[in-house]
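Chains A and B are the protein sequences, given in the same order.
So the first sequence is residues 1 to 309, counted in the numbering used here.
So the second sequence is residues 310 to 689, counted in the numbering used here.
These are computed hints drawn from the structure, not numbers from a lab.
Computed from a predicted model, the values in this text were never measured in an experiment.
Glycine included, C-beta positions come from ideal geometry on N, C-alpha and C.
A few of these clues could be false.
Pair by pair, the computed Cβ-Cβ distance ranges are [claimed, not checked]:
no., chain 1, residue 1, chain 2, residue 2, range
1, B, Ile499, A, Asp4, 54 to 64 Å
2, A, Arg237, B, Tyr459, 18 to 28 Å
3, A, Lys57, B, Arg540, 52 to 62 Å
4, A, Phe256, B, Ile499, 20 to 30 Å
5, A, Arg237, B, Tyr552, 44 to 54 Å
6, A, Asp4, B, Ser355, 46 to 56 Å
7, B, Ile336, A, Leu166, 42 to 52 Å
8, A, Gln8, B, Leu343, 51 to 61 Å
9, B, Pro486, A, Asp4, 30 to 40 Å
10, B, Val375, A, His179, 54 to 64 Å
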Amino acid sequence: MDFDIFIQILAAAIAAGTPFVYAALGELVTEKSGVLNLGVEGMMLVGAISGFIAMAKTGSLIVAILCGMSAGALMAFIFAVLTLTLMANQVASGLALTIFGVGLSAFLGLKYTSIALPGVPEIHIPFLSDIPVLGRLFFSYDILIYSSLILFAAISWFLYKTKAGLILRGIGEAPKSAHALGYNVIGIRYLAVLFGGAMAGLGGVYLSVAYTPMWVEGMVAGRGWVALALVVFATWRPARVMAGAYLFGGITIAQFHIQGFGIEIPAQLLSMLPYIATIIVLVFISRDQNTIRLNSPASLGQTYHPNNQ
Amino acid sequence: MTALLISFFSYRFHVKTTKTKSFIGLIIPLCAVLLALAIGAIMLLSLGANPISGYATMFGAAFGSVEGFSETAVKSIPLLLVGVGICIAFRANVINIGGEGQMVMGALLATAIALAFPDIPSLLLIPMVLLAGAVGGAFWGAIAGALKAYFNVSEILSTIMLNIVAVQFMNFLLRGPMIDPAEIARGTGIPQTMRLTENADLPILIEGMRMHLGVVVALFVAVAAYILLWRTAMGFRLRSVGYNPHASRYAGISVPKNVTSALAFSGAMAGIAGAILVFGSESHRMVTDGGSTGFTGSAGFNGIVVALLAGLHPLWSIPSALLFGGMLVGANALQRAAQVPSALIIALNGLIVVFVVSSEYFKQRTLQAGRVEQEEDDDE
Numbered sequence: 001m002d003f004d005i006f007i008q009i010l011a012a013a014i015a016a017g018t019p020f021v022y023a024a025l026g027e028l029v030t031e032k033s034g035v036l037n038l039g040v041e042g043m044m045l046v047g048a049i050s051g052f053i054a055m056a057k058t059g060s061l062i063v064a065i066l067c068g069m070s071a072g073a074l075m076a077f078i079f080a081v082l083t084l085t086l087m088a089n090q091v092a093s094g095l096a097l098t099i100f101g102v103g104l105s106a107f108l109g110l111k112y113t114s115i116a117l118p119g120v121p122e123i124h125i126p127f128l129s130d131i132p133v134l135g136r137l138f139f140s141y142d143i144l145i146y147s148s149l150i151l152f153a154a155i156s157w158f159l160y161k162t163k164a165g166l167i168l169r170g171i172g173e174a175p176k177s178a179h180a181l182g183y184n185v186i187g188i189r190y191l192a193v194l195f196g197g198a199m200a201g202l203g204g205v206y207l208s209v210a211y212t213p214m215w216v217e218g219m220v221a222g223r224g225w226v227a228l229a230l231v232v233f234a235t236w237r238p239a240r241v242m243a244g245a246y247l248f249g250g251i252t253i254a255q256f257h258i259q260g261f262g263i264e265i266p267a268q269l270l271s272m273l274p275y276i277a278t279i280i281v282l283v284f285i286s287r288d289q290n291t292i293r294l295n296s297p298a299s300l301g302q303t304y305h306p307n308n309q
Numbered sequence: 310m311t312a313l314l315i316s317f318f319s320y321r322f323h324v325k326t327t328k329t330k331s332f333i334g335l336i337i338p339l340c341a342v343l344l345a346l347a348i349g350a351i352m353l354l355s356l357g358a359n360p361i362s363g364y365a366t367m368f369g370a371a372f373g374s375v376e377g378f379s380e381t382a383v384k385s386i387p388l389l390l391v392g393v394g395i396c397i398a399f400r401a402n403v404i405n406i407g408g409e410g411q412m413v414m415g416a417l418l419a420t421a422i423a424l425a426f427p428d429i430p431s432l433l434l435i436p437m438v439l440l441a442g443a444v445g446g447a448f449w450g451a452i453a454g455a456l457k458a459y460f461n462v463s464e465i466l467s468t469i470m471l472n473i474v475a476v477q478f479m480n481f482l483l484r485g486p487m488i489d490p491a492e493i494a495r496g497t498g499i500p501q502t503m504r505l506t507e508n509a510d511l512p513i514l515i516e517g518m519r520m521h522l523g524v525v526v527a528l529f530v531a532v533a534a535y536i537l538l539w540r541t542a543m544g545f546r547l548r549s550v551g552y553n554p555h556a557s558r559y560a561g562i563s564v565p566k567n568v569t570s571a572l573a574f575s576g577a578m579a580g581i582a583g584a585i586l587v588f589g590s591e592s593h594r595m596v597t598d599g600g601s602t603g604f605t606g607s608a609g610f611n612g613i614v615v616a617l618l619a620g621l622h623p624l625w626s627i628p629s630a631l632l633f634g635g636m637l638v639g640a641n642a643l644q645r646a647a648q649v650p651s652a653l654i655i656a657l658n659g660l661i662v663v664f665v666v667s668s669e670y671f672k673q674r675t676l677q678a679g680r681v682e683q684e685e686d687d688d689e
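Isolated chain A, as found in the complex:
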């Protein structure tokens, strides 16, 4: 019996971790190119409401996903123009993007607060899903969770096994050298930022369409910031992003179950858990400055002036 609950918690942790997977993997690619986009929370919110509206209007998951991704990418485009073309400060621009996203999503979502969507069905794979324990653990999720795994594989392959990935990482480490070799630093960074935005938007869509199929103002609830922390936590490596995302998904879920085990802690204090855990993990990861310096893209957060050699 207890084992069943354990499996359920694990499966729920995977679902709760999926928005982190999308947003953090997207941000990872952006940061690998040397750009720090702090607007993840804003992009997720705008993605969430755009996907939600699309889903409510058309009922098509594909349209919802496309809308959410384009909305996230559009937000990222604003950021890219500010930081890459106008060479504005990345930190301030990212903050602006989040503040703007919070307001814009609340504005867009006004008429959609009382609607509930049907949600996204789990994919039932004949035979595999019916295996007692493994079926529940591996073959009982919706399409967005499976596609996040494909995304992980694709990004790992892209970053470390393709020439384009090598160029992207090179630009993040040494934009001037990449420029000297003839690569279009600004152009490639644009693509990386847009990709990060689209993924953040997709993470938002997952939240508003599949995970809790309704729209609540500010429903991303700090997940965008946790995603940013996860990239640091993972020391910029995709596999560790996945581990971190599911770990935090697990902590999010654990707070609902701790009370079930008869431990009397007020719900509000429990819901602090994921965030306190984030801080503690950040302390452990960041304590050793060399780890961060060795792993973070060398040009991260710095404005690149192409004509200022």
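Given chain A's structure and the hints, the job is docking chain B onto it.
Chain B in isolation, oriented as in the chain A frame:
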């Protein structure tokens, strides 16, 4: 070579004192606001509202009457206090996004003091609760500061996490230990404290209006922050650490200490804002709606906007805070008059930052153009 250096310095000095710079410094934030309002006009149109009459309603409500201005001033208090704190933090190159949590912690400590000592006379209790606010906020800020200074943890991430922790802690206290006993008796369970002692009420400045002592406190803090930053050795150290930590360390300034104190100062001001929000409120209670910005009304974030628009200058933050306070009052009026959602204003705030941030580029270019002219003049 020497001549070149001298000409370089004299020319730098010249540019710094020239009127063009302060003119550009003023015109660019104005353009940013106007551009944001222009986009807001498009959004108003899309809602079927007339933008011109809409903005007239907003402006009239916020600045058109003494009552309106009093309301605007009250709304500006937390924005100004948080904004001034942000000025200090950002000058020390510490990105404090924790205004929300610091406000909450300041307000909680101040409320606890008022609940514990209801019989202390006003003259003593009001300074006490404001100080408690400062201490609560400073404590919450210093946590993030120490984590950055001694463990190298990004303060951007830690302050955000501490925001959420503080809000949940507030929800816990206001639903549990600090809840109004009457709420339990009635069974309504609104998360709020009881009516706090009258001795802690911030005195009203003008009879029949809402403007209270908090306005004076906020202005005082803004001036004090200006003096701190530019007229004291401590302020010099803070700015020095922000400008170049390596050179500062070489000069014997402790970087970790100053990073921590920058966040503590910043948090203290947000904490005072939180305390004023409680004791200057009309209900004289600490109340939330359980949402993440239920108590602060996002002042912790909007304070960043205020500071950025003010060019991180505590005194320029005063008009900047009045502008955003006025937008809040105006937005409420607009919501009543034309059913325009006030979420529009949050989006506008973000747009203003977007434009202020991007204007840096144009500022640099204009200044560079001025520099070239200057050099040509020097050649003659």
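Outcome of the hint check:
| no. | hint | result |
| --- | --- | --- |
| 1 | Ile499/B x Asp4/A: 54 to 64 Å | violated (39 Å) |
| 2 | Arg237/A x Tyr459/B: 18 to 28 Å | holds (26 Å) |
| 3 | Lys57/A x Arg540/B: 52 to 62 Å | holds (59 Å) |
| 4 | Phe256/A x Ile499/B: 20 to 30 Å | holds (25 Å) |
| 5 | Arg237/A x Tyr552/B: 44 to 54 Å | violated (34 Å) |
| 6 | Asp4/A x Ser355/B: 46 to 56 Å | holds (51 Å) |
| 7 | Ile336/B x Leu166/A: 42 to 52 Å | holds (45 Å) |
| 8 | Gln8/A x Leu343/B: 51 to 61 Å | holds (55 Å) |
| 9 | Pro486/B x Asp4/A: 30 to 40 Å | holds (37 Å) |
| 10 | Val375/B x His179/A: 54 to 64 Å | holds (59 Å) |
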